[in-house]
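Single-letter residue listing:
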Amino acid sequence: MAESDNIVVETAEKIFADLADPQTINNDKKNSWQAPLWQALSEAGLPLSWVPDDLGGSGASLADGFALLNAAGRFAVAVPLAETMLAGWLLAQARIASPEGEMTIVPAGPKDRISLDADGALSGRARGVPFAKAARHFAVLAHGKDGAVIALVDASKTRIESGLNVGYDHSDTVTLDKVQPITIKPAPKGLDQTILMLMGGVARSLQIAGALESMLDISVRYSNERVAFEKKISKFQAVQHNLARLAGESAAALAAATSAADAIANAKSFNDEVYLEAASAKIRCAEAAEKGGGIAHQVHGAIGFTMEHILHRYSLRALAWRDDFGSESYWAVELGKLIANRGADELWPLVASR
Amino acid sequence: MTAALRFDPIRLPEKCEQLRKEVRAFLAEEIAAGTFDPNKPNREDTDAPEFSRRVGAKGWLGMTWPKKYGGQERSFLERYVVTEEMRVANAPTRRFFVADRQSGPVLLKYAPEHIKMDILPRICRGEICFAIGMSEPNSGSDLFAAKTRATKTDGGYLINGTKIWTSSAHIADYMIAIFRTSPPTKENRRHGLTQFLVKMKQPGIKVNPIGQITGQYEFNEVVFTDHFIPDDHVLGEVDGAWKQATSELAYERSGPERFLETYYVLTELVRAVGPNPDTRSAEGIGRLVAQLHTMRRMSVSVAGMLEAGKEPVVEASIVKDIGTVWEQQLPHRVRDLAAFVEETATNRETLERQLDFAIKTAPKLTIQGGTTEVLRGIIARGLGLR
Numbered sequence: 001m002a003e004s005d006n007i008v009v010e011t012a013e014k015i016f017a018d019l020a021d022p023q024t025i026n027n028d029k030k031n032s033w034q035a036p037l038w039q040a041l042s043e044a045g046l047p048l049s050w051v052p053d054d055l056g057g058s059g060a061s062l063a064d065g066f067a068l069l070n071a072a073g074r075f076a077v078a079v080p081l082a083e084t085m086l087a088g089w090l091l092a093q094a095r096i097a098s099p100e101g102e103m104t105i106v107p108a109g110p111k112d113r114i115s116l117d118a119d120g121a122l123s124g125r126a127r128g129v130p131f132a133k134a135a136r137h138f139a140v141l142a143h144g145k146d147g148a149v150i151a152l153v154d155a156s157k158t159r160i161e162s163g164l165n166v167g168y169d170h171s172d173t174v175t176l177d178k179v180q181p182i183t184i185k186p187a188p189k190g191l192d193q194t195i196l197m198l199m200g201g202v203a204r205s206l207q208i209a210g211a212l213e214s215m216l217d218i219s220v221r222y223s224n225e226r227v228a229f230e231k232k233i234s235k236f237q238a239v240q241h242n243l244a245r246l247a248g249e250s251a252a253a254l255a256a257a258t259s260a261a262d263a264i265a266n267a268k269s270f271n272d273e274v275y276l277e278a279a280s281a282k283i284r285c286a287e288a289a290e291k292g293g294g295i296a297h298q299v300h301g302a303i304g305f306t307m308e309h310i311l312h313r314y315s316l317r318a319l320a321w322r323d324d325f326g327s328e329s330y331w332a333v334e335l336g337k338l339i340a341n342r343g344a345d346e347l348w349p350l351v352a353s354r
Numbered sequence: 355m356t357a358a359l360r361f362d363p364i365r366l367p368e369k370c371e372q373l374r375k376e377v378r379a380f381l382a383e384e385i386a387a388g389t390f391d392p393n394k395p396n397r398e399d400t401d402a403p404e405f406s407r408r409v410g411a412k413g414w415l416g417m418t419w420p421k422k423y424g425g426q427e428r429s430f431l432e433r434y435v436v437t438e439e440m441r442v443a444n445a446p447t448r449r450f451f452v453a454d455r456q457s458g459p460v461l462l463k464y465a466p467e468h469i470k471m472d473i474l475p476r477i478c479r480g481e482i483c484f485a486i487g488m489s490e491p492n493s494g495s496d497l498f499a500a501k502t503r504a505t506k507t508d509g510g511y512l513i514n515g516t517k518i519w520t521s522s523a524h525i526a527d528y529m530i531a532i533f534r535t536s537p538p539t540k541e542n543r544r545h546g547l548t549q550f551l552v553k554m555k556q557p558g559i560k561v562n563p564i565g566q567i568t569g570q571y572e573f574n575e576v577v578f579t580d581h582f583i584p585d586d587h588v589l590g591e592v593d594g595a596w597k598q599a600t601s602e603l604a605y606e607r608s609g610p611e612r613f614l615e616t617y618y619v620l621t622e623l624v625r626a627v628g629p630n631p632d633t634r635s636a637e638g639i640g641r642l643v644a645q646l647h648t649m650r651r652m653s654v655s656v657a658g659m660l661e662a663g664k665e666p667v668v669e670a671s672i673v674k675d676i677g678t679v680w681e682q683q684l685p686h687r688v689r690d691l692a693a694f695v696e697e698t699a700t701n702r703e704t705l706e707r708q709l710d711f712a713i714k715t716a717p718k719l720t721i722q723g724g725t726t727e728v729l730r731g732i733i734a735r736g737l738g739l740r
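Protein chains in written order, with our numbering: chain L, 1 to 354; chain P, 355 to 740.
Please note: incorrect hints may appear among the correct ones.
Once the Cα atoms are required to be at most 25 Å apart in a straight line, the calculated SDA-like pairs of lysine to any residue come out as [claimed, not checked]:
(1) LYS268/L / GLN372/P
(2) LYS394/P / ARG407/P
(3) LYS369/P / ALA352/L
(4) LYS235/L / LYS394/P
(5) LYS337/L / GLN372/P
(6) LYS337/L / GLU703/P
Here are some, though not all, of the chain P residues that point toward chain L, as calculated from beta-carbon distances under 7 Å [what the hints assert, rightly or not]:
(7) PHE361
(8) LYS422
(9) GLY425
(10) VAL442
(11) GLY515
(12) THR621
(13) VAL624
(14) VAL627
(15) PRO631
(16) HIS647
(17) VAL728
(18) ARG730
(19) ILE733
Listed next, the stretches of chain P that the computed footprint assigns to chain L, with coverage defined by at least 3 CB atoms under 8 Å from CB atoms of chain L [stated by the list, open to error]:
(20) 362–370
(21) 636–645
(22) 648–657
(23) 672–686
Calculated from the structure, these hints are not laboratory results.
Ideal placement from N, C-alpha and C gives every residue a C-beta, glycine not left out.
Pulled out of the complex, with its shape left as it was, chain P reads as follows (with noise of 0.2 Å):
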């Protein structure tokens, strides 16, 4: 038999609902105080530092993680409870999102003790945001074809080069990144990249937005001019950077956030539709609704497998493959519905907004983070074809 593919029934434990209310009971008081509209989706563009650190005041960032460095030693399916809540109601996650969910998770692997104690406790309270530095300009999904050099020097490294499509590096505390430290052997093209932290807003480090076709500006260019990174801010193996990626893909593969992105659009088309729906729109709601409710089902149980300490690559790989085709479909589908709404629905031009922003972002979907192509490679190899 090919290796099975296993998606066991988890369940959430009663202690997640307990933790679920009091997610959205928080959520209701800050949208009732203003801080974001749950209608706009467009949390992306928005920074909101105080909202962040009332979310750390709460415990609800790495809450997995050590209590030593601030965590709650709390469990993966209580943080994915967080998580989802978030997503759903449009929360304006940006600043703490990548470092709660695998800029905290890779420094407490491999950054030194000193660091783990001076960072941790930071991202936990809310106070920092982290970007990732993995693409270049001629080096996307080819990850190991990097080229932005660190160089040897007197305690530390300089590094040159360019970083590209770097979500919130305008914002940014730190930045995890990978620099080439050697030339790639004739035996391994993987070899010669390590993982760096680097701290932003520093001399050498110039950040550049770009525009997105949404019209936001949440990417951007990162050019580094002998810009200088101390030796205890290699995290891992020099040189061995590809050996440390792939186990943090799992976490970063099979989130929430990998099909509710575009959510939003199928909660305001069943408000448009009201109580009693034709049977065109009745029949495309249930298939939106029975393909979400299964691939969440799909999410939790990798959830439920981190929790109990496996590496589910392939199956991560697969949420995040149907997921984000979903999501990305999912404004589309919404459109083709929402036709023939009545002119006389009440949220209309909401929904047509919404419509309009979801449509705009979709094409993204299936390239962040893992290329649809990369992930169905990944897959392909765990049931040996290659």
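Looking at chain L on its own, in the form it has when it is part of the complex (with noise of 0.2 Å):
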């Protein structure tokens, strides 16, 4: 996916370039990017991709929305530009218009959870909920007891303890404590928190794996810079290998996430087919984050160690948004009991099936 072949990811890619160039984001201590960047992506109707025109967004295809996550990841873009897409996408399956503004999801985890009392208030504590420190409003599912439902929170009525992930944005922990939401609405038949998580691997799958090629050109970009040994470390037989593995594990992550993300894409419902796809994606990716970015890192050495060096805004962040929306740990257990549960002679023809 490196040469967009859309209009959205060739929008997003323009406004990445000029306002969040990685080397000028390093070396900027105030943060005084992110306003400008939000702004641009806010014009361009990119936050709310996945909300139709009559709910308030810009009505991308799912498809179209995927590939611009891979494209975030490419840059290590560090504003909820995800978070706010898929805070979008859930309040449109209840057709709830999105405001404006930042957005994050509730729960974002796939052991939280939020309910809704008999009032028609919400409570619960959801951690690691990305970025919501900088949210304005919050996309909730929570457990009724009729069934799931989908609300929009005023991010202001909760509780948030603010915490850093890894790559040095924010997770925080939100408490909900009676909170009455702006609008709330049942969720649609199949719609539940472990479609709502996989959504969320998923698009962190894609940005792990933009992550990664990003990692592979800077990394064979350095070893053909650098010098040691009176020759370039690109002729080492040791290096080569390095970055042919690291090769392979962003080769693995774009094809595990962009196959994922084509599956649901196209899926008419999520069966079985599609949880392989989602749940695979994001244990292959997090797997990768953890192989690839160490290679990129043996790659450049001390300065690869450096705050003043970019190579940390992708390795850590890709590292970070494997816990999010369920770990790799999770979903493995998760599709290893489903895998037991069809039995063996089931798993085939499930591998096979697309």
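Grab the two chains, each in its own frame, and use the hints to assemble them into the complex.
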């Protein structure tokens, strides 16, 4: 997906190149890049890509939105673009219009639960919510006695304990204590927390794959510049083989993530085949973030370990993204249970189903 | 940006699924008839000429080739489905697999018309077996160090020297081999090798079996002593084999056989843990399935690129690198996970027997058909590092 082939991605890449250049951002200690970047993205309608026109969004296809997230990963974009897109998508499932401004998803992990009580208030705690501190609104998936509900909640009505993930982005604990939502509607049949987590997981997979593409790119470039023992380090076989492995991890992540995105974009329902695609993407991309990111650092040596170098913007974020919407360990257990439950003779038919 | 690696999410078209059903039904019949046991993975040791003919009769050999040579002019994606179903079933494909995958395509590209008309239909009918004569005692990964000589004589060449690690040479009807027709030049050490079609079971060829650590005799030493090959058996350019070798690699390296070689132990592990696995088993199985799924999607993607007429050499090398390392580690991971499987699991013996074989098979997987080191060199070249 290196060259963009749709207008959404082209628009985004231009904005990222102009306003989210990793080196410029990395040198900017005051974070003065954030507001102009968010404004440009908003003016282009990108954070609400997945929201239909009549609900306040720009009505892009799922496929275009996924491609946009992959591009955002290539720039290690550190504004709540993915989060607002997912929140807008969730609200749109219940035909709730999206407000302007930053949003995020509550809960952002499969084990946290928000409940709806009899008088219509929401309560519960969600940990590791990305960019909660920056969000004006939350899209909440909660559980009532009649099933799942989707709600738009004013962030200021909740308690937020601020935290940072390993990539230095906000990852906060959000507590709802009898919060009255702005709007609340029943979730459509079939949409539950698992599906929300799989959507979020595929978004993170695409971002990790994008970050790995960039890590491969800058590692190859660095190895062709850096001289040691009187030759470019790219000429050492040990370095070449490490970079070949990084290329493999980057390729695997991209293949898994784009395949899952394609599966969801074309799915009629979240059946076992789509579950396999989405869970596998999160598992495999998380593994690639560890292995591939490790190689990128090894190739860069000490300079890659400094704050002044841009590598950590990709490597640490890719590692942090592993944790959101269910870690690879969580999804591996769930996928393993699904496989075991279907039985040995149904494994191959599932793998070969697409 | 670095030259982008592409793995577009290719989906198998509808007609593939119909074909898949036919292949599964055919294999189920063969299993029921006792042709092979799907629980016995040592198919490489099994020569099944009658099975080979029946696969040919189905139209599943040379299926992408032109009809005039016995082919079906079907797509690479359809061939992909046949290949993966055969692999997963542990079908005895040894007799036809090499001919179908790579020897046939080489002949299609480089053999004179009368040879194509003679040999290709017989491959399609599943009648003949091919071997590949690349490695020599002092020339393995370094293909261009090959020394076996082809000396020009009246109407052809005389071959002297030794090929080694040649799979199926003892049952093969033909071999496609490279021999030295000229010394390498100063400017180009790859110069001087020529690709030949060799008719086996002829005077001047002696095949000596070599025992493998699995206990099988699958590969051989092939000694040539003044063996005569006629001129029309030269494939492509004399002294120019190096120009011909690379384009086949994408076919050879990216198929499902590059990650499914030890797949059977995963199926058997799932059977052994039963429907309610503990957390450790579930996580282990989940990760392995996620990795398998990812590789298959990459492999199908490469098949799609081949179908579109591209030459995804780097992508194919990545599939083989990741795929063979995975299938090599798989028996060991399954062994880890099986350590706590209940003694009462009904398939425990089958799993143990399969693990025993898979663990012995594992070391060859990252060596045969291009070592991991060679593949990573190719990928590095694709990245612009060499």
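Against the structure, the hints:
1. LYS268/L / GLN372/P: Status holds; Cα separation ~21 Å.
2. LYS394/P / ARG407/P: holds, 21 Å
3. LYS369/P / ALA352/L: Answer holds: LYS369/P to ALA352/L is near 14 Å, not above 25 Å.
4. LYS235/L / LYS394/P: violated, 45 Å
5. LYS337/L / GLN372/P: violated, 29 Å
6. LYS337/L / GLU703/P: holds, 23 Å
7. PHE361: holds, 4 Å
8. LYS422: violated, 32 Å
9. GLY425: violated, 24 Å
10. VAL442: Holds, about 5 Å.
11. GLY515: Since the shortest Cβ distance to chain L is 30 Å, the answer is violated.
12. THR621: Holds: closest Cβ of chain L sits about 5 Å from THR621/P, inside 7 Å.
13. VAL624: holds, 4 Å
14. VAL627: VAL627/P check passes; min Cβ-Cβ to chain L is 6 Å, inside 7 Å.
15. PRO631: holds, 5 Å
16. HIS647: holds, 4 Å
17. VAL728: violated, 11 Å
18. ARG730: holds, 4 Å
19. ILE733: holds, 4 Å
20. 362–370: holds (count 4)
21. 636–645: holds (count 9)
22. 648–657: The restraint on the stretch 648–657 of chain P holds, since 6 of its residues have a Cβ under 8 Å from chain L and three suffice.
23. 672–686: holds (count 3)
The structure shown violates the earlier hints numbered 4, 5, 8, 9, 11 and 17.
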